[in-house]
Structures are given as structure tokens and as C-alpha cells.
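**Q** Here is what each chain is made of, one letter per residue.
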Amino acid sequence: MYCFFTNFPYLRNVSHFDFMEKKIEKEINELTLFEGLQREDLVYVYRGIFSQAITDSIIALTENNLTLVGESSKLKKRVFSIMVECLQNITRHQFVDGHEDVSGDQSGMFVICNKDNSYQMTSGNVVNKEAIPHLTELLEKVNSLDKESLKLYYKQVLEDGSISSKGGAGLGLIEMARKSGNKLFYSFEKINEALSYFYMNTSISQQLDEVPIDFIDIQDVVALHKFILKKNITLIFNGGLNQKSLMDILSLINEQALGSLERKKKTYNAMVELLQNVVKHGVKLDEEKMGGNPVIFFISQNGDDYVLSAGNYILNTSISRIEEKINFLNSLENKELDDYYVKCLLNFDVDNSKEAGLGFIDLRMKSCHKLQYEITPVNDTLSFLLMQVTV
Amino acid sequence: MEALRIEETEDTPKVILDPENNVFSISGRSLPEDSVAFYTSVFDWLQQYAEVAEKDMDFEFFMEYFNTSSAKQIAKIFLLLEKLNDKVFVQVIWRCKKDDVDMASSGMRFSKLLNLEFEVREEE
Numbered sequence: 014m015y016c017f018f019t020n021f022p023y024l025r026n027v028s029h030f031d032f033m034e035k036k037i038e039k040e041i042n043e044l045t046l047f048e049g050l051q052r053e054d055l056v057y058v059y060r061g062i063f064s065q066a067i068t069d070s071i072i073a074l075t076e077n078n079l080t081l082v083g084e085s086s087k088l089k090k091r092v093f094s095i096m097v098e099c100l101q102n103i104t105r106h107q108f109v110d111g112h113e114d115v116s117g118d119q120s121g122m123f124v125i126c127n128k129d130n131s132y133q134m135t136s137g138n139v140v141n142k143e144a145i146p147h148l149t150e151l152l153e154k155v156n157s158l159d160k161e162s163l164k165l166y167y168k169q170v171l172e173d174g175s176i177s178s179k180g181g182a183g184l185g186l187i188e189m190a191r192k193s194g195n196k197l198f199y200s201f202e203k204i205n206e207a208l209s210y211f212y213m214n215t216s217i218s219q220q221l222d223e224v225p226i227d228f229i230d231i232q233d234v235v236a237l238h239k240f241i242l243k244k245n246i247t248l249i250f251n252g253g254l255n256q257k258s259l260m261d262i263l264s265l266i267n268e269q270a271l272g273s274l275e276r277k278k279k280t281y282n283a284m285v286e287l288l289q290n291v292v293k294h295g296v297k298l299d300e301e302k303m304g305g306n307p308v309i310f311f312i313s314q315n316g317d318d319y320v321l322s323a324g325n326y327i328l329n330t331s332i333s334r335i336e337e338k339i340n341f342l343n344s345l346e347n348k349e350l351d352d353y354y355v356k357c358l359l360n361f362d363v364d365n366s367k368e369a370g371l372g373f374i375d376l377r378m379k380s381c382h383k384l385q386y387e388i389t390p391v392n393d394t395l396s397f398l399l400m401q402v403t404v
Numbered sequence: 002m003e004a005l006r007i008e009e010t011e012d013t014p015k016v017i018l019d020p021e022n023n024v025f026s027i028s029g030r031s032l033p034e035d036s037v038a039f040y041t042s043v044f045d046w047l048q049q050y051a052e053v054a055e056k057d058m059d060f061e062f063f064m065e066y067f068n069t070s071s072a073k074q075i076a077k078i079f080l081l082l083e084k085l086n087d088k089v090f091v092q093v094i095w096r097c098k099k100d101d102v103d104m105a106s107s108g109m110r111f112s113k114l115l116n117l118e119f120e121v122r123e124e125e
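Sequence order for the protein chains is A and B. Going by the numbering used here, the residue at position 129 of the first sequence is 142; the numbering climbs one at a time, nothing skipped. Going by the numbering used here, the residue at position 105 of the second sequence is 106; the numbering climbs one at a time, nothing skipped.
Don't take each hint at face value.
Listed below are the simulated EDC-like cross-link pairs for lysine to aspartate or glutamate, each with C-alpha atoms no more than 20 angstroms apart in a straight line [unchecked claim]: (1) A:K128 with A:E76; (2) B:K88 with B:D100; (3) A:K277 with B:D100; (4) A:K196 with A:D173; (5) B:K99 with B:E124; (6) A:K293 with B:E21; (7) B:K56 with B:E11; (8) B:K99 with B:E83; (9) A:K277 with B:D101; (10) A:K160 with A:E98; (11) B:K113 with B:E83; (12) B:K77 with A:D362; (13) A:K164 with A:E143; (14) B:K113 with B:E123; (15) B:K77 with A:D351; (16) A:K277 with B:E65; (17) B:K77 with A:D352; (18) A:K168 with A:E188; (19) B:K113 with A:E349; (20) A:K356 with B:E83; (21) A:K367 with B:E34; (22) A:K257 with B:D35; (23) A:K203 with A:E150; (24) B:K113 with A:E275; (25) A:K257 with A:E368; (26) B:K77 with A:E368; (27) A:K297 with B:E34; (28) A:K257 with B:E11; (29) B:K99 with A:E336; (30) A:K293 with B:E11; (31) A:K293 with A:E349; (32) B:K99 with B:D87; (33) A:K239 with A:D118; (34) A:K90 with A:D69.
Worth flagging that the hints you see were computed from the coordinates, not collected in a lab. These numbers were taken from a predicted model, which means no experiment stands behind them.
Construct the complete structure from the given sequences, taking the supplied hints into account.
**A** Structure representation (C-alpha cells):
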């Protein structure tokens with residue numbers, strides 16, 4: 014439902030806006046503080062329920078991204094085979110026995126990032142305290158073996174037939190170690206007396222050389238996890254965005270429990286406009302390196318509201334035009350907004366593949382809040398625009 | 002005149018413009034990156050058809066979702082239908098699911114802007 018059907022008197026409360034603006038500023042600063050969340054590189058974080066459809070769309074989105082940056086098919090294949098193991102691991106173990114209702118700090122998490130010339134994947138899921146000694150033993154065993162011994166060990170476990178009720182006997186772990194050629198870095202962080210959170214990292218060197226990566230600081234991911242829990246973030250995507258990756262992100266959202274159908278549609282609509290705006294108008298920092306336009310996108314939950322944030326580069330020469338447009342839209346009341354929408358809808362002077370002139374108006378109408386934005390200078394030609402929409 | 006048929010994709014709608022069977026419909030999702038390019042064939046077809054149209058026409062929309070750039074192209078289709086209405090009787094049927102408030106209000110908005118028989122039909 015469009016917001017002109019309802020009244021939001023608190024929108025006129027200035028202090029509320031000051032607060033929102035400060036909040037955005039704080040969020041970006043905190044977010045970009047994280048090493049690995051540099052704006053150019055792929056960072057993709059998903060936290061929530063893992064279903065088949067969700068893992069499929071995570072894989073599709075990553076595949077598209079690796080293709081966009083021109084990775085070899087050999088590397089892509091390796092990344093996928095490990096990703097699949099990683100995601101299966103979370104899917105299988107996301108619920109601790111008897112607790113199907115996993116939420117908040119107990120929900121599963123998957124992180125992939127491109128850092129230090131490698132693709133680093135980390136799975137996160139909750140485990141019973143009792144499972145820790147066995148898991149540790151298994152991981153230490155796998156990490157102690159070289160390539161040949163791993164192969165033998167794999168065979169031995171397979172023939173042994175001691176497959177657990179959840180279909181795993183550590184085969185997945187052995188596979189991950191074999192395919193990556195690297196150690197499995199891990200950590201257990203205590204949640205309460207009975208449960209811990211299990212983080213496990215597998216990395217693949219982009220050069221595909223056989224030199225193992227000596228050390229991955231899993232505490233980076235633990236810190237990231239704490240941060241997204243605090244902010245109630247369910248998804249972060251940082252990388253090249255084109256129409257294809259937009260469709261993959263959308264299918265991920267379609268699988269999410271976002272409350273009512275109406276809420277889901279609103280979120281979907283706002284995401285399309287927010288992200289297509291980046292696809293069409295975003296500017297690249299480095300033409301060579303990336304296909305698609307660089308974007309940082311995240312979804313967080315604030316009470317009953319979903320907050321969608323998208324950041325992209327813009328030309329300094331377009332700053333005043335963008336500011337003017339957003340400020341103008343924010344100055345309009347509901348009825349005026351609707352009239353303005355119609356006026357622009359029928360203005361065919363602005364009608365080309367790049368621009369219909371309606372995206373921001375629609376976002377403003379759907380969000381029922383003023384559009385929050387922030388522009389941070391980057392260099393002589395570019396600035397970084399962060400837009401935030403609450404639905 | 003030969004029919005125009007475009008199959009549905011994940012980001013473009015299904016289009017059937019078929020005078021012989023008297024089916025004129027656009028349905029599904031419309032959020033292409035370049036909606037101007039996608040709808041060009043629809044405009045071209047309608048413009049040609051306007052030259053030869055003889056029968057009354059029921060033009061049906063059954064959209065699940067469309068983005069703002071598609072909204073503009075849909076508005077353009079309506080303006081072409083308005084012109085066509087001078088020649089043959091054109092009725093627009095804007096179908097939407099009963100609980101789809103968004104599509105229903107989009108239909109209402111279009112109906113107010115147009116000088117055409119326009120029915121918003123909410124369905125179970």
C-alpha cells in the first residue's frame with residue numbers, strides 16, 4: 014500500500030531525522046571499518062535460515078560475481094565445490110537437536126570474501142557443547158594430514174561406514190581440506206551453558222598455487238558476526254552489481270520470511286528501485302577490475318521495519334542534482350508526491366533506457382519515511398552515496 | 002496481421018498480441034534493465050495494428066510486479082490504446098490478485114489518468 018493512504022505525523026518531527034541521519038553515519042563508518050569490507054572487493058554475508066532455494070541463490074550470485082571479475086573456470090569450479098560443502102554443512106547443522114526455531118544469535122551464517130588474493134569462505138552454525146571435543150579432534154586430524162594422507166583417510170572413513178545420522182562422518186570436512194589445499198581454520202564461541210557457535214573457514218588462493226595459506230584470522234569473522242547481530246543485519250552484499258546479480262539477490266529475498274505478503278512485496282519493490290538505480294547510474298572506481306557497478310547493500314531489521322541500505326559511487330558533478338532531487342521529494346507531502354509521480358509518469362521528455370525519472374519518487378512513496386542519504390567525498394571526481402530506505 | 006508473442010522471463014512479462022484469436026494481454030513481472038528496449042516491439046506492433054484494426058478490443062493486463070521504468074512504458078501503451086480507441090472500441094481489463102493492494106492501486110491510478118473503458122478486476 015502506498016503511504017499516501019496513511020498519515021505519519023512523526024515525520025515532521027525534526028529530532029527524529031537528526032537521529033536517523035546520525036544512525037546512518039555511524040553504520041557506514043562501522044561497516045567500512047571492517048577489514049575485507051573494502052568497497053571494491055567481493056564480500057557476501059548471509060545470516061538466517063538456510064533452505065535449498067536460498068543456498069541455490071547464494072551460489073548463483075557468487076557464480077555471477079566470479080564471472081564478472083573474470084575468474085578462470087578452474088578457480089570457479091573449486092570455489093563452488095567448497096561452497097556447496099560449506100552450505101550443506103550449515104543446512105544440515107543449522108538446528109541443534111530438538112530446536113527447530115533458530116533465530117537471532119543462533120541462526121546460521123555464510124560469509125565469502127575476496128581478500129589477500131584468496132577467496133575465503135566461512136560457515137557459522139550453532140553446536141551442542143557435547144559435540145565440540147569430537148569436532149575438534151576431527152578438525153585437528155584433517156589439519157595434520159598432507160595431501161596424500163588426506164586421500165587415504167578419506168577412503169578409510171568411506172569404507173569404515175560410520176556415517177552419522179545427519180549423513181556426515183567428517184567426509185565433508187576432509188573434502189573441503191582436499192579441494193582447498195588449505196587448513197580448516199576454526200573457532201568455537203560460547204553462546205550459553207549448552208550451546209556454542211562454530212566458525213569454520215576454508216580458503217582458496219586465487220593463483221591456484223599449491224602453496225598453502227598459513228594463517229586466517231577467524232576472529233575477523235567472529236567480529237563481523239557480532240557486528241551484524243548487533244545491527245540485526247541479515248544480508249550484506251559488497252561487489253559488482255548488474256541485472257543478473259540483482260535478480261539473484263531478489264530471489265534470495267523471496268525465500269525469506271519477511272512477515273506479511275504486503276511487506277514482502279514492499280521490500281522487493283524497494284530493492285528493485287534502489288539497486289536498479291545503482292545498476293544504471295552507479296560509477297565504477299576502477300574500470301579494469303570489475304564488471305557491473307560496485308555496490309554495498311545491506312538489509313537490517315529495526316523492530317518491525319526492514320531497513321535497506323545501498324551505497325555506490327557517484328560523480329561529484331552529479332551531487333547537487335541528486336541532493337536537490339532527494340531534498341525536493343522529502344519536502345513533499347503524500348498527496349503532492351502522488352501528483353508529482355503522475356506528472357513524471359507522463360513526462361515522456363525523460364524517457365530512455367537509463368532514466369524514467371520515477372525511481373526515487375517510488376522509493377519515497379513506498380518507504381513511508383523520508384529518504385535518508387549521505388554523500389561522502391572519495392576523490393576529485395567521485396563521491397560515495399549511501400541511500401537508506403525503511404519499509 | 003501477424004500475432005506478436007513474447008515468452009515470459011524472470012524479469013520480463015509474457016506478451017500476446019493476437020488479433021486472429023482476439024487475445025491482447027501482458028502478464029507477469031516486468032523489471033528489465035532496459036525497459037525501453039523491451040517494449041519497443043510492443044509499440045511498433047500496436048502502431049502498425051492501429052492502421053488495420055477493425056474489431057473491438059479487450060486489452061488485458063495481469064501484472065505481478067513492474068518497476069518504475071516499466072510503469073512509464075505501460076503508460077505509453079495506454080496512450081496508444083487511447084488513440085486506437087478513436088477507431089475501434091478499446092476496453093482495458095486490469096486484473097490483479099485480490100490481496101495485491103499494490104497492483105490494484107496501480108490499476109486505479111492508470112484508470113483515472115485515461116480516457117478509456119477501464120476495469121480493475123480483483124480475483125481470488
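**Q** Each hint needs a verdict: does it hold in this structure or not?
**A** Evaluation of the provided hints:
1. A:K128 with A:E76: It holds: about 17 angstroms lies between the C-alpha atoms, which stays within 20 angstroms.
2. B:K88 with B:D100: violated, 36 angstroms
3. A:K277 with B:D100: holds, 13 angstroms
4. A:K196 with A:D173: Given pair K196 of chain A, D173 of chain A is violated - Cα atoms ~24 angstroms apart, limit 20 angstroms.
5. B:K99 with B:E124: Judged against 20 angstroms, a Cα distance of about 5 angstroms means the pair holds.
6. A:K293 with B:E21: violated, 39 angstroms
7. B:K56 with B:E11: Status violated; Cα separation ~33 angstroms.
8. B:K99 with B:E83: violated, 27 angstroms
9. A:K277 with B:D101: holds, 11 angstroms
10. A:K160 with A:E98: holds, 18 angstroms
11. B:K113 with B:E83: At roughly 13 angstroms apart (the allowed maximum being 20 angstroms), E83 of chain B and K113 of chain B satisfy the hint.
12. B:K77 with A:D362: holds, 12 angstroms
13. A:K164 with A:E143: violated, 28 angstroms
14. B:K113 with B:E123: holds, 17 angstroms
15. B:K77 with A:D351: Between K77 of chain B and D351 of chain A the Cα gap is close to 19 angstroms, so the pair holds against 20 angstroms.
16. A:K277 with B:E65: The given pair, whose Cα atoms are some 13 angstroms apart, holds under the 20 angstroms limit.
17. B:K77 with A:D352: Holds. K77 of chain B to D352 of chain A sits at ~18 angstroms (cutoff 20 angstroms).
18. A:K168 with A:E188: Roughly 11 angstroms between the alpha carbons, so the hint for K168 of chain A and E188 of chain A holds.
19. B:K113 with A:E349: holds, 16 angstroms
20. A:K356 with B:E83: holds, 18 angstroms
21. A:K367 with B:E34: Status holds; Cα separation ~8 angstroms.
22. A:K257 with B:D35: holds, 13 angstroms
23. A:K203 with A:E150: With a Cα-Cα distance of about 18 angstroms, the restraint between K203 of chain A and E150 of chain A holds, given a limit of 20 angstroms.
24. B:K113 with A:E275: With Cα atoms ~24 angstroms apart, K113 of chain B and E275 of chain A exceed 20 angstroms; violated.
25. A:K257 with A:E368: Roughly 19 angstroms between the alpha carbons, so the hint for K257 of chain A and E368 of chain A holds.
26. B:K77 with A:E368: Satisfied, since the Cα-Cα distance of roughly 15 angstroms is no more than 20 angstroms.
27. A:K297 with B:E34: holds, 18 angstroms
28. A:K257 with B:E11: holds, 10 angstroms
29. B:K99 with A:E336: Judged against 20 angstroms, a Cα distance of about 38 angstroms means the pair is violated.
30. A:K293 with B:E11: holds, 19 angstroms
31. A:K293 with A:E349: violated, 27 angstroms
32. B:K99 with B:D87: violated, 32 angstroms
33. A:K239 with A:D118: holds, 9 angstroms
34. A:K90 with A:D69: Roughly 15 angstroms between the alpha carbons, so the hint for K90 of chain A and D69 of chain A holds.
Consistency note: the structure conflicts with the earlier hints numbered 2, 4, 6, 7, 8, 13, 24, 29, 31 and 32.
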